[in-house]
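Same order as they appear, the protein sequences are chains Y and X.
Residue numbers 1 to 81, in the working numbering, belong to the letters of the first sequence in order.
Residue numbers 82 to 438, in the working numbering, belong to the letters of the second sequence in order.
Just so you know, the hints here were simulated from the structure itself, not pulled from any lab data.
DSS-like cross-link-like pairs, simulated, lysine-lysine; straight-line CA separation at most 25 Å:
1) 332/X - 11/Y
2) 11/Y - 52/Y
3) 313/X - 126/X
4) 332/X - 52/Y
5) 126/X - 103/X
6) 232/X - 338/X
7) 103/X - 313/X
8) 52/Y - 338/X
9) 284/X - 313/X
10) 8/Y - 332/X
11) 66/Y - 52/Y
12) 432/X - 103/X
Quantities reported herein were computed from a predicted structural model and do not represent experimental measurements.
Letter by letter, the chains look like this.
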Amino acid sequence: MCLAVPAKIVKLDGPNATVEVRGLTRTANVAFIDDPAVGDFVLLHAGFAIRKWSAEDVAEFDRIMKEVEEAAAECDQEEKP
Amino acid sequence: MSFSSTLLSMSSLMRELGRPVKIMEICGTHTMAAFRSGLRTLMPKGLSLLSGPGCPVCVTHDGYVDQAIALAHRPDVTVATFGDMLRVPGSEQSLEQARAEGASVRVVYSPLDALQMAREQPQRKIVFLGVGFETTAPTIGWTILQAAQEKLSNYRVLCAHKTIPNAMEALLSSGEVKVDGFMCPGHVSAIIGSNAYEFIPRKHGVPCVVAGFEPSDMAITMEMILRQLTEKCPRVEIQYQRAVTREGNAKAQETLKRAFVECDAEWRGLGTIPASGLAIASKYAAHDAAPLLAGLPLPAAKKHTGCRCGEVLRGVITPPECPLFRKRCTPATPVGACMVSSEGTCAAYYKYAAIKP
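All chains, please: the whole structure from these sequences, using the hints.
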């Protein structure tokens, strides 16, 4: 239940925002974030941004996801006859 | 440090310790991630991961589900809920079964969706099921404050929120399970901050490390706990620095303080734990769904014969030790909540037990 995903703010209207999550857009609430701005990356849980991510955080997440995807591709390769 | 270097370091630290080590994860998402990624099969011999009471759906008692069903049968009420709650068994049936019989139950992605339903359907009472830990509670707290501001008197919450640190204290104080270290929940900690666990190493001498959810995050976390054990210096550390600070999210904490008050809470499997729950603050009593239960028939509490969910939630046994596991209790016909939830320990073992019990 405590899942959260990274999202990018693409539009802001008070506490309401439009965010992009891996190519999909949806509405979100940014009331728990200090100084939200268009272009910010946030961690999204149940429609609420619970933490702003720095550029370094985003880069680290991308690096981990790349590592996971590479490992998965390696497994797929090994499974092929 | 690369993933393979982390695993090598874990093995070396285990050799140095020269004894078995049990690390408890307090988050259902960690439970599932450890199985799904295969991490459990890569851990050095003697190191085991124990699942704690970290799935909010699993620790919600039958009586709460009965109340939600009774409300959903009221002709003027629609119950809105996260999908996780739909199949949790109550004393006689689940919300999903009640919906099939005509009860009004809607699955939503966010409490904001339930608030919007209240705006669009002023003639109906919209009751949101307030289940979840500190990650989720502020989001629901915000909708309560917003409903009060907009004077949306038809928006209510049936509150059963729980808080994590006092449940960890109850587990340690019971002495029933020996835990060598805690892998603390990442997103709960994003709200409450890692300072909330400081009493654990101080009082119980048990290391706490807040972990992220990728396999490498969890492996590094275990390595950090093992290092603390070899150094004999238990403390609170944050591995998941992308999301967690020592202080947590001040705005979300403020929302929790305004919308809720601390209360004793009943946990499935753990009993009543003092000051481990959240009740709606009296100022917002108009948005509390509990008064709507007055006069509604509720089934008598039923004990699920043979179900050992409680011991699973306390880390006393693993699911295969329950006589119902994979026999009478399966994801298609769950007896206990731990088999229902996608983050439940029994569901994780059912799906992945062939990998490692």
